[in-house]
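The listed protein sequences correspond, in order, to chains A and B.
For the record, in the first sequence the residue sitting at position 146 is 146 according to the numbering used here, with numbers rising by one throughout.
For the record, in the second sequence the residue sitting at position 138 is 138 according to the numbering used here, with numbers rising by one throughout.
Any given hint could turn out to be false.
Stated by the list, open to error - Per label pair, the in silico range of CB-to-CB distance: (1) B:179 x A:75: 48 to 58 Å; (2) A:44 x B:111: 22 to 32 Å; (3) B:18 x A:75: 54 to 64 Å; (4) A:33 x B:79: 24 to 34 Å; (5) A:51 x B:105: 43 to 53 Å.
Bear in mind the hints are in silico, worked out from the structure with no lab data behind them.
Being a predicted model, the structure only gives us computed values, none of them experimental.
Glycine is no exception: its CB is placed at the ideal position from the N, C-alpha and C atoms.
So you can see what is in the structure, the chains are spelled out below.
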Amino acid sequence: MTDDILSQASRALRETTQDDDAAARFTRARVMASLHQARRRRGIRFAILIPLAAILVGSTAWGAASGRFPAVFRAVVGLVVGQPKLEPAEPPPAAPTRRAAGAPTKAPTALPIDSAEDEVEIEPGDTDGEPTVEEQAPAPPPAPSARRAPIDPEGSVAFAAYRRAHEAHFSAQDPAAALAAWNEYLRLAPGGRFALEASYNRALCLVRLGRGTEALAALGPFAEGRFGGYRQREARELMAALGGTAPPKPTQVEAAPAPAPGSTGTPASEGD
Amino acid sequence: MTTAELGFESFGRWPVEDREEALVERLQRADPAAVGEAYDAHHAAVRAFAKRLVGDPTAAEDLVHEVFVTLPQAMRRYRGDATLRTFLISIAVNHARHHVRGAARRRAAMDRLATEPSHALTGDPETDARRRELVSALAHALDQLPLDQRVAFVLCEVEERTSREVSEIVGVPEATVRTRLFHAKRKLRATLEQAGIA
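Could you build the full structure based on these sequences and the hints that come with them?
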């Protein structure tokens with residue numbers, strides 16, 4: 001009985017479903033309008049996202065080239081890429097040292113010497129293959145794949161050299177001792193986190209020691225902007241004060257090439 | 001089923017398969033004009049199914065709209081195993097859930113207001129009245145079913161599709177379709193009996 005009713009109801013439902021031309025045309029117009037709108041939205045999204053992505057990529061590339069990646073970003077990249085992190089090996093050393101010594105943070109010269117926070121942000125290993133090793137340093141420039149890997153396996157030796165240099169430079173204000181210590185640090189960690197800062201501080205020591213030619217060679221890469229804007233203005237001012245208005249070419253200063261900080265014409269025995 | 005639903009509505013120089021193949025290619029390239037052509041060719045079948053499934057013309061139109069708007073994205077998973085029409089019905093099934101709920105809510109509201117949407121008339125008042133009663137009772141009974149069983153019943157019993165076709169549309173084995181249909185019919189019978197339809 002009810003089976004028959006169910007069949008009748010099914011047939012009734014089948015037969016009552018008739019086409020409505022007006023509704024069909026209206027729905028077609030709605031469909032086409034929705035598709036058009038979706039297309040336009042997609043276009044707008046691309047118009048916004050592509051420049052944003054370009055900015056992100058550009059700024060990331062610039063950050064990598066100039067060594068201004070924030071430490072957090074480097075840590076994240078290290079995690080993603082799976083490379084060992086540098087932070088545990090070389091914790092930021094400057095601030096506690098300064099506080100303990102109670103020394104002024106200014107260098108003897110008129111040049112501004114940045115605080116420890118600036119130093120922590122430096123990533124000299126990202127300077128696009130620029131050698132950061134001193135002439136006498138035995139280790140070759142770090143390979144691109146090993147840029148963030150610590151050169152000094154222990155880390156503590158390079159760190160100790162850095163601390164010594166920092167103390168001699170900022171607390172004791174002994175440029176000769178500081179120069180020796182900076183050289184030592186750069187020899188131990190040519191691709192270390194503070195290599196760029198160390199190279200610049202080393203150049204300052206050379207200025208203070210009156211070794212003008214070497215100082216010009218050491219300041220040259222900074223003034224040329226090889227490390228982005230890092231210390232470029234100060235280096236130029238210093239070079240102008242030293243009498244070298246333009247960054248000297250390595251051949252003018254000395255025979256050895258001086259493309260990167262730490263490698264700009266420092267003899268092996270210098271400052272030691 | 002109407003001739004349009006069976007795929008005989010469009011005539012041209014090319015065989016239907018070739019034209020459909022070309023249309024599918026254009027749809028896969030997300031060509032909006034191709035969506036318009038697909039609509040012209042298949043909207044009747046999709047609309048008929050939508051109306052039978054949700055039992056409400058407004059909700060059915062919304063479902064048809066959604067099917068064709070999402071067609072370019074859906075074409076990414078079209079492998080050519082089934083016809084484009086079957087694929088469109090399967091998209092409708094996938095998007096039917098909230099439209100069915102909306103239609104059921106609207107029907108309940110209509111009941112409270114004691115009004116019924118009009119259905120096609122035959123010209124014979126007695127037949128029309130009986131048909132309206134059956135359609136209304138079946139629509140209410142269908143609201144009591146889970147969506148899977150509802151889809152199986154509409155496709156198999158109302159649209160008179162084979163269980164193989166239905167299994168292609170809903171993407172389950174034929175045995176599952178038959179089981180769903182069995183349970184759907186049992187529940188519908190009980191519901192119609194309770195409603196005093198005889």
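For each hint, the structure was consulted:
The supplied range of 48 to 58 Å is met by residue 179 of chain B and residue 75 of chain A, whose beta-carbon atoms lie about 56 Å from each other. Roughly 45 Å separates the CB atoms of residue 44 of chain A and residue 111 of chain B, a value that falls outside the hinted 22 to 32 Å. Our hint of 54 to 64 Å for residue 18 of chain B and residue 75 of chain A holds, since their Cβ atoms are close to 59 Å apart. Hint check: residue 33 of chain A to residue 79 of chain B, Cβ distance near 30 Å, so the stated range 24 to 34 Å holds.
Taking 43 to 53 Å as the suggested C-beta distance range, the pair residue 51 of chain A and residue 105 of chain B conforms, at roughly 45 Å.
Hint compliance for this structure: hint 2 alone is broken.
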